[in-house]
Structure formats: C-alpha cells, structure tokens
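Visitor: Residue-level listing of the chains:
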Amino acid sequence: MTWSPKLATGLGLAAAIVLFGLIGPMLTGDPATIRDIGLTPPGAEHVLGTTLTGQDVLAQLAGATRGSLWVGVLVGVMATVLSGIFGIVGAYAGGVVDEVFSLFSNVMLVIPGLPLVIVVAGFVPADRRGTWTIALVLAITGWAAAARVLRAQTLSLRTRDYVAAARVSGEKTWRVICVEILPNLLPILASQFVFAVVLAILSEAGLSFLGLGAANASTLGTMLYYAQNGFALQREAWWWFVPPGLVIALLGGALALINFSIDEIINPRLRDRARRKRDVVAVEAEVVPVDPDAVLTVRNLNVVYQAETPVHAVKDVSLTLRRGEILGLAGESGCGKTTLAYAINRLHRPPAEVTSGSVTFEDFDVLALEPDELREFRWVRLSMVFQGAMNSLNPVTPIRAQLHDVLRTHRPGMSTPDREVRCAEVLRLVGVDPARLGAYPHELSGGMRQRVMIAMALLLDPQVMIMDEPTTALDVLVQREILNEIKRLRDELRFAVVFITHDLPLLLELSDRIAVMRDGEVVEYATAEDMYLRPRHPYTRQLLASFPSLTGEAGALIT
Amino acid sequence: MTTLEVRGLTKTFHKITAVDDVSFTLAPGRTVALVGESGSGKSTIARMIARLVRPTSGEIVLTGPDGEPVPRRGYRDHVQMIFQDPFASLNPFHTVEHHLARPLRLHGRSRSDVPRLLEKVSLTADFARRRPHELSGGQRQRVAIARALAPGAKVIIADEPVSMLDVSIRLGVLKLLARLQREENLAVLYITHDLATARHFSDEVLVMHRGRIVERGSSDDVLVRPQDPYTRRLAAAAPDPEARFRQGGQS
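From first to last, the protein sequence lines are chains A and B. For the first sequence, this note's numbering gives the first residue as 1, with consecutive numbering after it. For the second sequence, this note's numbering gives the first residue as 1, with consecutive numbering after it.
If you are wondering where the hints come from, they were derived from the structure by calculation, not from laboratory data. There's no promise every hint is true.
[To be verified] Taking lysine to any residue pairs in the SDA-like style, the calculated list, with each CA pair at most 20 Å apart, reads:
#1 A:K172 <-> B:G152
#2 A:K487 <-> B:A243
#3 B:K175 <-> A:T551
#4 B:K15 <-> B:G39
[Said to hold, decoys possible] Residues of chain B clear of chain A, computed beta-carbon distances all greater than 12 Å:
#5 E5
#6 G8
#7 H14
#8 K15
#9 T17
#10 A27
#11 G36
#12 V53
#13 S89
#14 H98
#15 L100
#16 R116
#17 K120
#18 A128
#19 E134
#20 Q227
[As the list claims (entries may be wrong)] Label pairs and their calculated CB-CB ranges:
#21 A:D433 <-> B:H14: 24 to 32 Å
#22 A:T173 <-> B:G108: 19 to 27 Å
#23 B:G152 <-> A:Q306: 49 to 57 Å
#24 A:L533 <-> B:S112: 47 to 55 Å
#25 B:G74 <-> A:T9: 44 to 52 Å
#26 A:S156 <-> B:G152: 56 to 64 Å
#27 A:L533 <-> B:E183: 34 to 42 Å
#28 B:T56 <-> A:T173: 17 to 25 Å
#29 B:V224 <-> A:S445: 27 to 35 Å
In this text, a Cβ means the ideal position worked out from N, Cα and C, and glycines have one as well.
Sequences and hints are given; from them, build the entire structure.
Guide: Following this line, the structure appears as structure tokens:
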C-alpha cells in the first residue's frame, strides 16, 4: 500500500482527535462544574476559557468530542450493516429479493434526509431522545446511497468465475457472500463507513444546534447550541464557539482525506503521477541511408517505462517495412510488440519514453515531428487498427457519422456527397454492404465491426497500416475472411502492413517477413519461408512447436 | 467407474435456443472434445453440467463407481470444472492454500492434502502461501486444475482451459491435463475452439454449431476427414503455413 501524504495527514489528524475524545475527558475534570467566573478568556487557569456559567471549555470540548465520535461510529456501523444487507444480499440473491430490496433502497434514497430527521427527531419527546435514538434516525436516513453502490459492485462480482468456482466446489451461499465476495468489497465498505461517520457527525451537529439532538448528551453540536443560546457571538466569546467548530471541521477534513486515500487504493488511476511533458528524449536526427523501397525504417529503437524500476520494454529494435509488404510481429504477452507499435506511431504515453533510436517514414524522422505534423502523419500516412478495435466504435452514433468524422477532420475541403461516396467505397473494399452505413455498432456482428474499423483505417489511403491483434477476439471463420480481405487489399492498394499477433502460424501464412519478439528484443527476423523451414532461434522453434498441426501425426504430443 | 451421461440437453434463454437436444457420454479414461465457435452453446453445456445453470429440458445422469446413480447432494464430489480465465477464476483476496483447502474440507478430506495436490500439478508446496497476483497465468491455471481435483472428482469439465494463456505454455498445461487424466482415470470434457489441440488431446470430437452437434466421431475422422460442411469450413479456416510452403511458396 502506498503511504501517501493525504493518508498520513488524514490518519494523523483523526487519530489525534480520537485520542483527545478518549483520554481528554479523564484529564480535564468535570465539564459540568459551575464556577462564578463566567466568560473568562483563555488563560493559565482555563486553557480555552470558560462558558457563561463558568464551565471549563476544554473539559466540555473533550466530552463533546467523545459524544460526537460515539454518534458517528454508531451511525457508521448501523448504516454500513443496513447498506450491506440491502445492497450485497439483495444483489447476490437476485430475482424478486433483489427487486424488492432495490426498490426499498431507491425509495429511501429519494426521501430528503435532513427534513425527515428533523421531523422524526421533533416527534420523539425530548426526554426519550437519547443518543441511540438520534443515531438510529440518522442511520435509517443515511444508508441508501451506499447500498446502491454496493449492489452495483456485487452484481459485477457475483458473475466472476471465482464465485462460480466456489459454487461448483459446493460452498454454501452465505459462505460465498462472506468469504468470497465480502473481502473484495472491503475497500468500498471502508470508504462508505468513513463517509457515513462524517455525515453523521455533521448531521448530528446540525440537529443539536437546532435543539433537536439527543437530550442529556453532550456533543460538539450541543456545545454550539449552548454557545448560541448564551449569545457567545454577541459577547465576542470566540473561545466558546470556535473550538467545537474547529474540531468538527478538522474531523470532517481528516475523514475526507482518509476517504480520498481509500478511493486511490481502489482506483490506482486517481493517484497523482508526475506528468512528464517530453515524450521523445535524446533522439539524434541521424540520417540513415535507407533502402529506397522502404516506407518505414526503425533503427535501434529503445523504449523504457520510467517507473520506480525502469522497464526496458523495447530493446534496440531495427526493422524495415517495404512498400506493399506485410511484416509480421510475433510475440507473447509482455514482449513489447504493442509498445513498439505505439512508439512507431508516437502514441506512447508517459511513463513510456523513447530513449534512443530512430523511426523514419519514407524520408522524414517521425520522432522529430511537431504536434500538427504528427496529426497529419497519423491516419493519413500511417493508420492503426487497435486490439479490440471493434469495441471502440461509438455506440450511440451510426457508423456513417464516425466515418464522415475522419474525413471532415483530415479533408476539410471535401463535400458531403464526396464523403459519402468515399465511405461507401471503403466499406465495399472490406466487404461490407454500403447500405449498412446507417447502422449502429450494436447492429453489426463482431466481424463486421472489425471490418468497419479496417475501413476507417483505409479512408485516407495510408501507405502503412499497423494492425495490433486485429483478429484475436474473432472466430476462425471470421478471421479467415478478414485475412483474405487484408491480402486482397494489399495486392490492390499496395499499402504495407505491420501485423501484430501471438499467432505465429497465422503470420507464417500471411506475411512476407516476420520478426519474433521476446522480452523487448527481436530474436529472429527473417522471411516467412525461412522462419518456417529453417528457424534459427530456439525461442522461434519453441513458438512453432506450440502450435500443433491439425493434419500431423496424432498423439505425438502426449508424452 | 464414474460415468456421466447427458441426454437430450436443451437450454433456451428468452426464446433463443442456446443448446438444442445434445447427448453424449463421458467415460473414465476418455477425453471428449466439444468444438465450436463462440456462441455455439459449448460453455452453456459446461455450466449446465457444473450445475451453475439449470437445463430447460433433458437430463444429466451421473453413475457412481458402484453402478448406482449418484444422488444430487453427492454430485459435486464427482464433477468439477476448470474455468477459462485463470485471472478471473481465483479470488484475488485469498491464498492458493484457501483455494485448495476449502474444496478439500467441503468434501470430507483433510487440508493436509494441499501439498500433495500442488505436487500433482507440478507446483511446489511453497505455492500454498502465495496469492493469485504473485502467479503467472500458467501457474494460476495449474492451481485451478488442482482445485478441481481436490474433491476427488472423476469427471472434469475443462472450459477453454488454455485459450487465455500465452501460446508457449498452452501445450504444457494440456499435457498436464492429459497426464492427470491417465493417472487418475478421469473422464474429461475438453471444450475448445482450437481444432488442432482437440485432435491431439481427445479421443472423441463433437462439433457444435448454433446449439446443435453437427458432427461427431473419433478425432481423426471428424477433423482430418470431416463430412459436415460446417466442420469442413472450420478445418479449412485455421491458418496453415504448411500448405503455403509445400506448394513451393508464394512470397
């Protein structure tokens, strides 16, 4: 766990206040003792002065802090238990139970909290209005929002395979909830608990200030109430009302800081990261004599993730992509193939950094491009089809609008009918009926959506297309159609393709040359034929052996 | 001999028939491969056999070693499942020990069997203390296999057990499953979309298309000499570099 300054400050402040509430009342004497020194300013005798009736403010503050904390914890526990029962149990049980629980939570949620609390607290006679009554009222009006959050999270957790696995192994329902689901909800429960405590302390202070709080209890709110009734403000007795107000503010602030930290632990993306401005570092624009037929030349490229322990994700990679060539980039997860593709496109984000090497596109240095030149370069000269791209279409607009958008951005002079013609043309190229232009993404199958993404990448006639695992999420029959499509397009349009995948047999069938990557390095770079018939590197041989042939000798693998 | 027989299994979701009248038998020492594309209904069959989903009609009959049908309560002592995604099937909060000790205890065995189970799947005993995030995908899937074996199950449903793993470790996990199947005389249902491993690791192949079994038979018959047009298309669609270079190459 990260010990952020926020968490340290929050915990430190909260601990100090809790300690003051716990130990303070034992050290400061009886807060109720009446003396004839009303409204004495702070001094040696009474560190925080006295009230109108000569009571020691410090002693009162200690007792009031304890009282407020007690209300806060009571409400926190009760509200968390209620939200757990209605959120977690309902969501796990599903069906009618879930619907009834969910409806009840929603009804509780729309009932305005504070007015209800005031009405309820007002109806209970003052002599029967104890701390427990107030806590109960606050808990009942304050649990519903947390229940909804817990419900949503539980709905997602209950479909996880580890919950199914626990059921298959024969665990009882209550054990699945308590042992498999609940621990994974702990961060959320903790944050909801802290939130409920803050809310309870503030609401109780508000109620007490209005004179609707617990009768014979002493809390920060009742202290303020008495200060108000004793005209502390008019008599300029700041020492009477500032300390309780300050404790409330500090406690609220401390608990809010703790809550932020819990949120950061749940969602690491919220953590502050030192944003680095530079994305290209120490790149000499050395002019490399390039193969005249080459469109894209990568020379000794190094990409490092500048984390606490830097990760050298791409090590000294050199590749050449010729016009009309399909270059396969093979490797397993974490080998750096996607990082390499991103760096070629300058799409890498900090902490990833190009530390040395060059990327040359035809005759210009990609790593030296200015932002507006870069925009022109991407998509127009070099386009990319991302992994899982078919799910990156905007679900709420038809594909026509999304294709038109690309043209509108990059070809501002083009008229609407011309754009329409071009869009229909690229759809036809990838084997999608242009009549589907009006379709929304959900109306198309996964294979169709992937074709639309390829069409979008083709819109501006790029010379190079980088495809990162474009068929991995698709079934073999669809994959076959798309591969045939890519081969045909390459032959017709003569563009070059960098095809990234873990599927080496696919590359052997499709590509002209193949680079096999492992741990950031290109371990073998050869023509497909050489790689298939004469693999040199042991890792290439291992990868080749990982794909049994459908037609070979059966049973040879079982040893 | 523990045998599981599936007869006329059907499942409809909101009028869509996901599984349509499927019947087969899982017998000890044999692996049946259920092959098909996504949406063909193969995972629904796995979930029905694992009693996670209730069939709309049809029956699943489990016969125990004594030749008698196994009562409902004892079903999970005999039938266990290995899930597709080892990153989702282990609870991130719990240690490996928890994942193995719970099923051991639920089925009346001692938790002192944990090291023996780990050894069975070629992991060392010190893995027991680790948590899922400290393990690689292959190690996780081995733990998932050990969990399925923990109750002493003799029927194992393996739902795409290697499709989420890195290619270079897939065969290792499949070989481990094959070894365990021989050593423990297990009846295995191997669900996959990969025809090649189905051929090499199974005795019988069932090809599913839109909820129905369109072709069945010995793995060589079905996959090397397919009769059904759909199976033929599937077999022809798999990348085949051999064909390219055998014909002299075009590159």
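Visitor: So, for every hint listed, does it hold in this structure?
Guide: Cross-check of the supplied hints:
In summary, the hint linking K172 (chain A) to G152 (chain B) is supported, as the alpha carbons are separated by about 19 Å, within the 20 Å threshold. Taking the CA atoms of K487 (chain A) and A243 (chain B), the gap is near 16 Å; set against the 20 Å cutoff, the hint holds. Restraint check: the Cα-Cα separation between K175 (chain B) and T551 (chain A) comes to about 19 Å, which is no more than 20 Å; the hinted pair holds. With a C-alpha separation of about 15 Å, the suggested pairing of K15 (chain B) with G39 (chain B) holds against the 20 Å cut-off.
Every beta carbon of chain A lies more than 12 Å from that of E5 (chain B), the smallest distance being close to 19 Å; the non-interface claim holds. Its beta-carbon lying about 23 Å from the closest one in chain A, G8 (chain B) satisfies the requirement of being farther than 12 Å from that chain. Residue placement check: H14 (chain B) keeps its beta carbon more than 12 Å from all beta carbons of chain A (closest about 15 Å). Separation of K15 (chain B) from chain A is adequate, the least Cβ-Cβ distance of about 19 Å exceeding the 12 Å criterion.
Look at T17 (chain B): its CB is around 19 Å from the nearest CB on chain A, clear of 12 Å, so calling it non-interface holds up. In this structure A27 (chain B) is separated from chain A by more than 12 Å, as the shortest Cβ-Cβ distance comes to about 18 Å. A beta-carbon of chain A is positioned within 12 Å of the beta-carbon of G36 (chain B); the least distance is around 9 Å. Under the 12 Å C-beta cut-off, the non-interface status given to V53 (chain B) relative to chain A is violated; the minimum distance is some 10 Å.
Residue-level check failed: S89 (chain B) sits 4 Å from the nearest beta carbon of chain A, not beyond 12 Å. With a least beta-carbon separation of about 8 Å from chain A, H98 (chain B) fails to lie farther than 12 Å from that chain, contradicting its non-interface assignment. In this structure L100 (chain B) is not separated from chain A by more than 12 Å, as the shortest Cβ-Cβ distance comes to only about 10 Å. Look at R116 (chain B): its CB is around 17 Å from the nearest CB on chain A, clear of 12 Å, so calling it non-interface holds up.
Look at K120 (chain B): its CB is around 17 Å from the nearest CB on chain A, clear of 12 Å, so calling it non-interface holds up. In this structure A128 (chain B) is separated from chain A by more than 12 Å, as the shortest Cβ-Cβ distance comes to about 17 Å. A cut-off of 12 Å between C-beta atoms confirms that E134 (chain B) is not in contact with chain A; the least separation is 16 Å. Annotated as non-interface, Q227 (chain B) keeps its C-beta farther than 12 Å from every C-beta of chain A; the closest such distance is 16 Å.
Under the hint 24 to 32 Å, the C-beta atoms of D433 (chain A) and H14 (chain B), about 28 Å apart, fit the expected range. Distance hint for T173 (chain A) and G108 (chain B): a CB-CB separation of about 20 Å, consistent with the stated range 19 to 27 Å. Here the CB-CB span from G152 (chain B) to Q306 (chain A) is close to 51 Å, well matched to the stated 49 to 57 Å. Taking the beta carbon of each, L533 (chain A) and S112 (chain B) are about 53 Å apart, inside 47 to 55 Å as hinted.
Between G74 (chain B) and T9 (chain A) the CB atoms are about 57 Å apart, so this pair departs from the stated range of 44 to 52 Å. Separated by about 33 Å at the C-beta atoms, S156 (chain A) and G152 (chain B) break the suggested range of 56 to 64 Å. About 38 Å separates the C-beta atoms of L533 (chain A) and E183 (chain B), a value consistent with the hinted range of 34 to 42 Å. Hint check: T56 (chain B) to T173 (chain A), Cβ distance near 23 Å, so the stated range 17 to 25 Å holds.
The hint said 27 to 35 Å for the Cβ distance between V224 (chain B) and S445 (chain A), and at roughly 30 Å that hint holds.
Figure legend: structure checked against the earlier numbered hints; hints not met, in rising order: 11, 12, 13, 14, 15, 25 and 26.
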